[in-house]
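These protein sequences, in sequence, are chains E and Z.
Quick note on numbering: the UniProt record's numbering labels position 78 of the first sequence as 78, and the sequence is numbered without any gaps.
Quick note on numbering: the UniProt record's numbering labels position 11 of the second sequence as 11, and the sequence is numbered without any gaps.
No lab work stands behind these hints: they were computed from the structure.
A hint or two may mislead.
[Claimed, not checked] The list that follows gives simulated cross-link-like pairs (lysine to aspartate or glutamate, EDC-like), each with its CA atoms no further than 20 Å apart:
{"no.": "1", "chain 1": "E", "residue 1": "K146", "chain 2": "Z", "residue 2": "E411"}
{"no.": "2", "chain 1": "E", "residue 1": "K146", "chain 2": "Z", "residue 2": "D418"}
{"no.": "3", "chain 1": "E", "residue 1": "K146", "chain 2": "Z", "residue 2": "D406"}
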Amino acid sequence: MSELLKISGLHASIDADGIPKEILRGVDLVVPPGEVHAIMGPNGCGKSTLSYVLAGREEYDVTAGSVSFMGQDLLAMEPEERAAAGLFLAFQAPVELPGVNNANFLRTAVNAVRRARGEPELDAVGFLKTVRAATKNLSMSDDMLKRNVNVGFSGGEKKRNEVLQMTMLQPKLAILDETDSGLDVDALRIVAEGVKNLRSPDFSALVITHHQRLLEYLGPDRIHVMVRGRIVRSGGPELAKQIDVEGYASFLTEAA
Amino acid sequence: MNALAPSGRSLAPFEARLSGVHDVERKSAAGDLARTGLPGPRVEAWHYTNLRALSGHVFAESDVLFDEKEARAVLASVIPEGSIFEKLPRLVLVNGRIAPGLSSSTASLPEGVSWSSFASAPDFGTQTSPQRDPLVALNTALASDGMQLSVATGVKAGQVLLVSLALSSSGVVSFHPRHNVALAPEASLTLIEISAGNDGQELYFHNPVLTCSLAEGAHLEHVKLQQEAGNAIHLATVYADIAGHATYESFTLTLGSALARHEVHASLAGAHAAVHVNGAQLLGNTQVGDITSVITHSAPDCISRQTVRNVLTDRSRAVFQGKVLVERVAQKTDGYQMNQALLLSPTAEIDAKPELEIYADDVRCSHGATVGALDEEQLFYLRSRGIAGAQARQMLVEAFLIEATDLVRDEVARTLLDGALADALLNRITAEERGS
Numbered sequence: 001m002s003e004l005l006k007i008s009g010l011h012a013s014i015d016a017d018g019i020p021k022e023i024l025r026g027v028d029l030v031v032p033p034g035e036v037h038a039i040m041g042p043n044g045c046g047k048s049t050l051s052y053v054l055a056g057r058e059e060y061d062v063t064a065g066s067v068s069f070m071g072q073d074l075l076a077m078e079p080e081e082r083a084a085a086g087l088f089l090a091f092q093a094p095v096e097l098p099g100v101n102n103a104n105f106l107r108t109a110v111n112a113v114r115r116a117r118g119e120p121e122l123d124a125v126g127f128l129k130t131v132r133a134a135t136k137n138l139s140m141s142d143d144m145l146k147r148n149v150n151v152g153f154s155g156g157e158k159k160r161n162e163v164l165q166m167t168m169l170q171p172k173l174a175i176l177d178e179t180d181s182g183l184d185v186d187a188l189r190i191v192a193e194g195v196k197n198l199r200s201p202d203f204s205a206l207v208i209t210h211h212q213r214l215l216e217y218l219g220p221d222r223i224h225v226m227v228r229g230r231i232v233r234s235g236g237p238e239l240a241k242q243i244d245v246e247g248y249a250s251f252l253t254e255a256a
Numbered sequence: 001m002n003a004l005a006p007s008g009r010s011l012a013p014f015e016a017r018l019s020g021v022h023d024v025e026r027k028s029a030a031g032d033l034a035r036t037g038l039p040g041p042r043v044e045a046w047h048y049t050n051l052r053a054l055s056g057h058v059f060a061e062s063d064v065l066f067d068e069k070e071a072r073a074v075l076a077s078v079i080p081e082g083s084i085f086e087k088l089p090r091l092v093l094v095n096g097r098i099a100p101g102l103s104s105s106t107a108s109l110p111e112g113v114s115w116s117s118f119a120s121a122p123d124f125g126t127q128t129s130p131q132r133d134p135l136v137a138l139n140t141a142l143a144s145d146g147m148q149l150s151v152a153t154g155v156k157a158g159q160v161l162l163v164s165l166a167l168s169s170s171g172v173v174s175f176h177p178r179h180n181v182a183l184a185p186e187a188s189l190t191l192i193e194i195s196a197g198n199d200g201q202e203l204y205f206h207n208p209v210l211t212c213s214l215a216e217g218a219h220l221e222h223v224k225l226q227q228e229a230g231n232a233i234h235l236a237t238v239y240a241d242i243a244g245h246a247t248y249e250s251f252t253l254t255l256g257s258a259l260a261r262h263e264v265h266a267s268l269a270g271a272h273a274a275v276h277v278n279g280a281q282l283l284g285n286t287q288v289g290d291i292t293s294v295i296t297h298s299a300p301d302c303i304s305r306q307t308v309r310n311v312l313t314d315r316s317r318a319v320f321q322g323k324v325l326v327e328r329v330a331q332k333t334d335g336y337q338m339n340q341a342l343l344l345s346p347t348a349e350i351d352a353k354p355e356l357e358i359y360a361d362d363v364r365c366s367h368g369a370t371v372g373a374l375d376e377e378q379l380f381y382l383r384s385r386g387i388a389g390a391q392a393r394q395m396l397v398e399a400f401l402i403e404a405t406d407l408v409r410d411e412v413a414r415t416l417l418d419g420a421l422a423d424a425l426l427n428r429i430t431a432e433e434r435g436s
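Excised from the complex, chain E in its bound form (with noise of 0.2 Å):
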């Protein structure tokens, strides 16, 4: 397959105060298996929409185009079928979760995920094993686990628990949306790391961000600039060192 992903000319809109207000204005993008491709853009531009677009989110409208994943309709799916068919999406933002606590949330993910491809479903020490592999990679104390999902957590234990859930749930194609956001050097490291050792002839990433350093160490096979709702541009690596140097000037005038 050549496709992982394939977006066609995708329309989505939010309703503002009664008003649909469109923000997805005909995207189309491909994204083949084993690939990271990065998708930069200016604030505003539809890149966390798309994202949330692609996860299932309800308050999103598609009014046209397609989405398939995996050959199948993406649109058609419910949240949760579009995690167990491989989509993760690693959120901006991660959700705090008071009264539910990291471990018993993470092994609840991954056997729904199980169960729905399959797979046999994880037992205690089958879990904890794995879990304790994962944490350990990124540098995460066990603390962390026993805490309520991203309660207290620090800017960068939020994304790295984004990254553990990404780890363990073992998908085909994540949607990074700004997990570099926030992240001091180190921490940058350790989250790259943390999706490096992901890459496989299995695993694709769509990789949004604002800023040169996590493509870096991710090495990506495209970037696609994303300007008021669509993609106007897509190239090689050198496109981001075009835009860090240039800024997205020449592309505003282009999608116009």
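Model the placement of chain Z on the given structure of chain E, informed by the hints.
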């Protein structure tokens, strides 16, 4: 009020039994009741919780004999066999009477702890006010048995279980157990009170009164699990008299019965005393769950805390009434009250009535209430991790209530509550899936 025409509800459901009481205290209580009747909706304290469910029945005394097998089965539903709870000393009542065969022997109690039956030497104490509280008057007139527990000076008694089982009787019955817990200075105890019934049996009415007295520096943690049968009526009243430096910490978890009220009257009588009246209610169908408290600060430097969380589905209704009375002497009072509700259906309802009456001028008292639905963002987060909608909702509901049970300090008691909560949620999800 006119003695011939009580303003409240008719006493017909209990008339025959009330007319048969003979000793002075019971007669006096029956007289109080005859004047007031059972409280109707125009009585302010009972405005939100209607006792019409008591009308139209005649509540007989329960049978003395019971089916041992049935008793063991209901007991195992709240204290699983082989669990840590099974090893705790316990006193078990069946339909309001102590059942020695199901209870631990007196010898199993730690040194300095003793219990006896109310029936062997009835003592109503002086803490209650049957004149003001008709449900307490009813209990006083009809109480036949109960637990009288005492802990000696300085003794750390650990956990003791008080279990009340309701088993099938021939007809509609009521029982009115009378319990008393007395802690000597510096004594401590965790009292785990469980009420459970057999679903599918006839209507019954459980009307317990518990009086607690805490001497200087004593510590009582009172943890209650109310898991009565689905059609039962449970109206409980607790009195706690708290001396200086003593603490009465309570938590009630309401899961069962059609109509329930847990009413606490706490009196902070000495400086640096503390009281916690916390709770959680998980209600469905047309259940009504009421947590009412009256906390009186009669001494300076005392603390009162109330945190109650409610999860309401279907057409259920929760009531929270919290009155804090701060007397003139009670300077430096620190009072806090919070009532929160998750409304999971448009037909569910919560009625909250906080009431502060403050006569001292240097106090800190706050109260708050929140009502909401499940957080869409949290729900989406869970679903995006592969957890299906129904399970995700269950997780968030459980999390909301666990944040309340976290207030229970005694780990064994907290584990018992969390287990009962998880089971109740699981049953609910299963019922949802069956479409019932």
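#### Entry: Structure-inconsistent hints, enumerated in ascending order
As far as the earlier hints go, not one is violated by this structure.
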